[in-house]
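Engineer: These are the residues of each chain, in order.
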Amino acid sequence: MNRDEAFELIKQVLTDVVPGADLDALSPDENFRDGLEMDSLDFLNFIEALSGRTGLPLPETDYPSLNTLNACADYVASRTPTAY
Amino acid sequence: MTEFTMPSLGADMDEGTLVEWLVNPGDAVSKGDVVAVVETAKSTIEVECFDSGTVSALLVAPGTKVPVGTPMAVIGPATEPTAHTPAPQPTEPSPGFYPAPVRAVTRAGDAVSTPLVRHLAQKKDIDLSTMHGSGKGGQITRADVEKAASPPRHRVPASPLARRLARSLDVDLEGVRGTGQNGTVRADDVRAAAGKRAHRTQRAHRTQGPRPPAPEPPAMPPSGAPPVRPSVKSRPDTLTTGAPTTRSAISALMTRANRDIPHYYLSTTIDLAAATAWMLNRNANGPVGERLVPAALLLKSAALAARQVPQLNGYWKDGAFVPADGVRLGIAVSLRGGGLAAPALANADTMSLPELMKALRDLVSRARRGRLRASEIADPTLTVTNLGDQGVETVFGVIYPPQVALVGLGCVVERPVAVEGMLTVHPTVTATLSADHRASDGATGARFLAALDRLLQGPEEL
Chain A
1 MNRDEAFELI KQVLTDVVPG ADLDALSPDE NFRDGLEMDS LDFLNFIEAL SGRTGLPLPE
61 TDYPSLNTLN ACADYVASRT PTAY
Chain B
1 MTEFTMPSLG ADMDEGTLVE WLVNPGDAVS KGDVVAVVET AKSTIEVECF DSGTVSALLV
61 APGTKVPVGT PMAVIGPATE PTAHTPAPQP TEPSPGFYPA PVRAVTRAGD AVSTPLVRHL
121 AQKKDIDLST MHGSGKGGQI TRADVEKAAS PPRHRVPASP LARRLARSLD VDLEGVRGTG
181 QNGTVRADDV RAAAGKRAHR TQRAHRTQGP RPPAPEPPAM PPSGAPPVRP SVKSRPDTLT
241 TGAPTTRSAI SALMTRANRD IPHYYLSTTI DLAAATAWML NRNANGPVGE RLVPAALLLK
301 SAALAARQVP QLNGYWKDGA FVPADGVRLG IAVSLRGGGL AAPALANADT MSLPELMKAL
361 RDLVSRARRG RLRASEIADP TLTVTNLGDQ GVETVFGVIY PPQVALVGLG CVVERPVAVE
421 GMLTVHPTVT ATLSADHRAS DGATGARFLA ALDRLLQGPE EL
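Chains as they are written, first to last, in the working numbering: chain A, 1 to 84; chain B, 1 to 462.
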């Protein structure tokens, strides 16, 4: 998956797990756990859904790399094969 | 023949509004089935029935506010024949709808309908025996049949935030095209419908501050997701919007708590190195969906500590402490867009950690969607407020009457700690206890926090 696809996928997953999330108001470098007022359960829902959609294990030790839209997109794009 | 009455969903509830019936006359119901949705000043609750049988009459129309204890439906014996074609539920309050005389529901005899009406009913495939007449003496009129034949009004699927926005912006959700999953109306859809003005208002609100102030009184059920009602505008007196009502409910209860309860407060900092290491190791070796969060360990420990110190687990009633049978841990859940809910996690002390984690996720997600069950908000025995996710280190809460204590948990932070004479850095949490001095003394409270600490040092035992 390329970076743009990853970015869109992440936004989609966030929209699914945080009802009413206003992603347009979120800066891509802003910590979305703060910006969307996600608690640890919301974040786990996000990780679980993203893992399901990407097939990535997303270990807990990588959580710090999964806090912003940009960082998360980089992470996912660099670890998934690109479709041609 | 029993009556299904407006339940009391909390010590401070006097009345509730029936939002919708989830059953029709003629439906067989079993004890524990969710039969109705009721809105209180604080939240929207799914209500179970406590009898098994057949619904023989619905006495209250959706949209009606009635006092606690008011009969809302009649549940007949289970042997009563079930209608083959249950009539769609009436969707508008109509004056004659409430009395629903019992004879009107027994058989479609001459006394309750005219040949013309029966003919119409047959044509529209409606079973008159399941209907309530709005005519004189419960007689079923042509209008009743026509109303029953029209499709029931659907509740527009929408996110809680979207509902709140729609109400505050005066947008009718019926007219909004939902772009969410299965056409669910999202906040953005409402904003789009309301125009740019609304969008800016919302953004301004968002940037004021990410969270409500820290030591918010816990345990106050939410503004939740009050339902869409077509007639909100025409009845502003009875159907106030969620937020102010919630605020006044919180206000009344917390004022009472602070007036009546002589609180004392204790605080301790607990080393979470062992618990965190154990949890990380466990999470690394299991499926993503079964990962634990620190809150699960903290809640389980709090529930076990409550069992070990039963003097804090129960109610203050009529001038004396009444210990509770089991541990029903109230979980203060902050809701998106403001407000709090405090559903109870039953048997939190006996559940395994994975069970507790699953129950917690389910409970929190439903609390935020505004769909808790009556049995889940029935009085918790001890409430825990966990403001850790808001970055708060210490919270001293106000006790939720008639409970006698409240546990406050802050965020897990790395702090320097001394271990065997050496300074090192460990994850820690500040745990506090607000307790009712009428029911217990500081030494009892101290035992609770000591138990909590001890339990968290042996996470594999939780």
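Check the hints yourself; a few may be wrong.
[Stated by the list, open to error] Pairwise CB distance ranges, derived in the manner of DEER restraints:
#1 B:Phe50 to A:Asp62: 47 to 57 Å
#2 B:Asp441 to A:Asp24: 53 to 63 Å
#3 A:Pro81 to B:Gly183: 26 to 36 Å
#4 B:Val419 to A:Tyr63: 20 to 30 Å
#5 B:Pro323 to A:Glu5: 40 to 50 Å
#6 B:Gly458 to A:Tyr63: 55 to 65 Å
[To be verified] Negatives, chain A to chain B, calculated, CB over 12 Å:
#7 Asp4
#8 Phe7
#9 Glu8
#10 Arg33
#11 Ser40
#12 Phe43
#13 Leu58
#14 Glu60
#15 Ser65
#16 Ala77
#17 Thr80
#18 Pro81
Think of the hints as simulated: they come from the structure by calculation, not from any bench.
Every residue, glycine too, gets a C-beta built ideally from N, C-alpha and C.
Engineer: Please write out, lowest number first, the hints stated earlier that are contradicted by the structure.
Structural biologist: Of the numbered hints given earlier, those the structure breaks are 5, 6, 10, 11, 12, 13 and 14, listed in rising order.
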